[in-house]
Structures are given as structure tokens and as C-alpha cells.
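Residue numbers (our numbering), protein chains in the order written: chain X, 1 to 142; chain P, 1 to 149.
Read the hints as simulated data drawn from the structure, not as lab findings. Do not take every clue at face value.
Said to hold, decoys possible - Partner residues aside, some chain X positions facing chain P, computed with beta carbon under 8 Å:
#1 Leu15
#2 Met24
#3 Val59
#4 Gly99
#5 Gly100
#6 Gly129
Stated by the list, open to error - Using 25 Å as the maximum straight-line C-alpha spacing, the simulated SDA-like pairs for lysine to any residue come out as follows:
#7 P:Lys3 <-> X:Val44
#8 P:Lys142 <-> X:Gly39
#9 P:Lys3 <-> P:Ala70
No residue lacks a Cβ here, since even glycine has one placed at the ideal position from N, Cα and C.
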Amino acid sequence: MENFTPISSLIGGGLIGLSAVLFMLLNGRIAGISGIAGGLIVPVAGDWPWRLAFVLGLVAGPLVYMALGGQLPAIQFPVSSPLGLIAAGLIVGFGTRLGGGCTSGHGVCGVSRLSVRSLVATAAFMFTGFATVYVIRHVMGG
Amino acid sequence: MNKIISAFVAGIIFGIGLTIAQMVNPAKVLAFLDLAGAWDPSLAFVMGGGAGVAAIGYRLVLRRPRPVLADIFQVPTRTDLNARLIIGGGLFGIGWGIAGLCPGPALAVLALGYSEGIIFALAMLAGFVLFEVYDRSLLNNKKKGKANA
Numbered sequence: 001m002e003n004f005t006p007i008s009s010l011i012g013g014g015l016i017g018l019s020a021v022l023f024m025l026l027n028g029r030i031a032g033i034s035g036i037a038g039g040l041i042v043p044v045a046g047d048w049p050w051r052l053a054f055v056l057g058l059v060a061g062p063l064v065y066m067a068l069g070g071q072l073p074a075i076q077f078p079v080s081s082p083l084g085l086i087a088a089g090l091i092v093g094f095g096t097r098l099g100g101g102c103t104s105g106h107g108v109c110g111v112s113r114l115s116v117r118s119l120v121a122t123a124a125f126m127f128t129g130f131a132t133v134y135v136i137r138h139v140m141g142g
Numbered sequence: 001m002n003k004i005i006s007a008f009v010a011g012i013i014f015g016i017g018l019t020i021a022q023m024v025n026p027a028k029v030l031a032f033l034d035l036a037g038a039w040d041p042s043l044a045f046v047m048g049g050g051a052g053v054a055a056i057g058y059r060l061v062l063r064r065p066r067p068v069l070a071d072i073f074q075v076p077t078r079t080d081l082n083a084r085l086i087i088g089g090g091l092f093g094i095g096w097g098i099a100g101l102c103p104g105p106a107l108a109v110l111a112l113g114y115s116e117g118i119i120f121a122l123a124m125l126a127g128f129v130l131f132e133v134y135d136r137s138l139l140n141n142k143k144k145g146k147a148n149a
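Make the full structure from the sequences, and use the hints.
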């Protein structure tokens with residue numbers, strides 16, 4: 001537990017919540033990243049510019065944070081083999097679209113509304129997330 | 001135009017939140033998912049903080065007749081549980097557990113130039129494409145089925 005960071009986690013999480021609330025107030029939409037980004041694959045006229053803008057904002061976020069004087073956290077990729085990354089990316093992309101959301105749309109926005117679908121989806125990805133790490137680290141010993 | 005600017009700003013705030021919460025660090029995310037190892041519960045505080053702020057904020061915002069820049073609030077209303085939801089969520093968790101990245105952080109980490117992040121994000125986009133292909137083929141089969149019936 002030496003890396004436990006409850007304060008910065010709460011602040012970061014609070015900002016994510018604030019972004020979601022602001023986006024609902026202004027644009028009337030859920031801030032679900034897989035839905036926003038996934039909706040760009042088959043662009044619909046008039047519907048894609050705001051999606052692209054959100055994604056570009058997300059990409060710019062860490063740079064803006066640095067420009068404001070913030071310090072980036074350490075970033076390490078425990079899995080760095082291209083094969084592992086490609087497999088994981090494919091599964092995350094397909095799975096989040098099939099399940100209609102990810103950690104943001106289901107895990108934060110949906111859970112905050114006590115949406116039954118989001119609570120079930122969140123339970124599903126938390127369970128398989130825990131199970132996958134358990135198998136990789138403690139069964140396969142990787 | 002305003003809707004585009006507001007989306008950009010919301011994206012920036014979201015990305016800053018992911019950075020401060022260290023969700024852009026796959027090692028941190030995997031330490032949270034590693035219950036049987038040196039468990040780091042921090043991420044529960046990220047989700048809790050996010051959902052807490054959203055719970056209060058949504059309640060206030062949704063009292064308004066409409067959003068500031070749009071005609072209607074587009075809040076999901078479905079309550080049915082189906083296989084897609086559970087299988088999709090379950091699959092997502094497997095990928096998340098392998099690499100320690102979910103869609104938001106995968107995009108936020110892009111500009112920092114890590115090749116691992118770029119490979120993952122490209123594969124994730126390919127996964128999005130795969131889903132559209134799969135979804136459309138299902139739709140076409142349904143249409144064909146109806147035409148044959």
C-alpha cells in the first residue's frame with residue numbers, strides 16, 4: 001500500500017466528475033469516452049465535430065496540465081510486448097462498444113445515476129479485471 | 001460552434017483529472033486490479049470521487065428544462081439487462097486487466113508519446129471498427145431474415 005494516493009485520486013476523480021457534469025449541463029450528454037470516440041468510426045454529419053473536439057481535449061489534457069505547472073506522474077507499462085498491447089487494445093475497443101460503455105460512461109456517469117445496466121456492466125468489468133490480473137500475476141506468474 | 005468548444009473544454013478537464021488521478025499510468029491501474037498482490041486501492045477513490053461529484057451535479061443539472069447548448073438531455077433510459085452488456089463489460093475488463101488501460105487514459109496518454117500507448121490506442125480504434133463491422137453484419141442478417149420470412 002506504499003503507493004496509496006487517496007487525496008490526488010479523489011481530486012482527479014472529482015475533476016472527471018466535474019467534466020461529466022459540465023458536459024451534461026452544456027451539451028446534454030453523458031461523458032462516456034468509448035461512446036464518444038467510438039461514434040467517430042462511422043461519422044454522422046453534424047454529430048462528429050463535438051466528438052472529435054472532446055477526444056482532442058482529452059489528448060491535450062495532460063499537456064495543458066503541464067503547461068499550468070503540473071507535474072506528470074510516473075508512467076510505466078508493465079505489459080509492453082506489442083502482441084499483448086494489440087490483443088488488449090482490440091478487446092477493450094470491441095468490448096466497450098459491445099457493452100455500451102467503459103469506466104467513464106458506466107463506471108462514473110452510470111453508477112452516479114444508479115443505472116442498473118451500468119451497475120451490472122461495472123460489476124462485470126471489475127470482476128474480469130481483477131480475475132485477469134490474478135491469473136496473469138499469480139497463476140501464470142508473469 | 002459553442003457545442004464544439006464546450007466538448008473540447010470538457011475533454012481537457014477530463015484529461016487533467018485522469019492525469020492527476022494517475023490513471024494514465026498503467027502500472028498504477030494494474031496495482032489496483034491486483035487484489036492478491038501489493039494492492040493499491042487508490043483507483044476506488046477516483047471512481048468514487050467521480051461518481052460522487054456526478055451524482056450531485058447531475059441532480060442539479062437535470063432539474064433544468066434543457067441543456068445550455070442543446071435541445072434535450074440525452075440520458076440513457078434503458079433498464080434491460082442483456083448478454084451484450086455483460087459479455088461486452090466482461091471482455092473490456094479482460095483487456096483492461098492485461099494492459100492497465102481503459103479508453104479515456106488510452107487517449108489521454110497519446111500526446112505523451114509512449115510507443116506502448118500508441119500501439120494500444122490504435123488497436124483499441126481497430127476494436128471500435130471491428131464492433132461496427134460486427135454490429136452491421138448482425139443488422140443485415142436480421143434484415144435478410146425478415147425479407148426471407
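Hint check: Lys142 of chain P vs Gly39 of chain X, CA-CA at most 25 Å. Holds or violated?
holds (22 Å)
When the nearest CB of chain P is found for Met24 of chain X, is that gap smaller than 8 Å?
This hint holds: Met24 of chain X lies near chain P, its Cβ roughly 5 Å from the closest one there, short of 8 Å.
Would the hint on Val59 of chain X be counted as holding, given a Cβ-Cβ threshold of 8 Å to chain P?
holds (5 Å)
Take the shortest C-beta to C-beta distance between Gly100 of chain X and chain P; is it under 8 Å?
holds (6 Å)
Holds or violated: Lys3 of chain P and Ala70 of chain P, Cα atoms, limit 25 Å.
Given pair Lys3 of chain P, Ala70 of chain P holds - Cα atoms ~8 Å apart, limit 25 Å.
Straight-line alpha-carbon gap Lys3 of chain P to Val44 of chain X, limit 25 Å:
The given pair, whose Cα atoms are some 16 Å apart, holds under the 25 Å limit.
Mind checking the CB of Gly129 of chain X against every CB in chain P and telling me if the closest is under 8 Å?
holds (4 Å)
Double-check Leu15 of chain X for me: the hint is only fine if its C-beta lies closer than 8 Å to a C-beta in chain P.
Because about 3 Å separates Leu15 of chain X from the closest Cβ in chain P, which is inside the 8 Å limit, the hint holds.
Per the CB criterion, is Gly99 of chain X less than 8 Å away from chain P?
holds (2 Å)
Hint violations for this structure: none, all hints satisfied.
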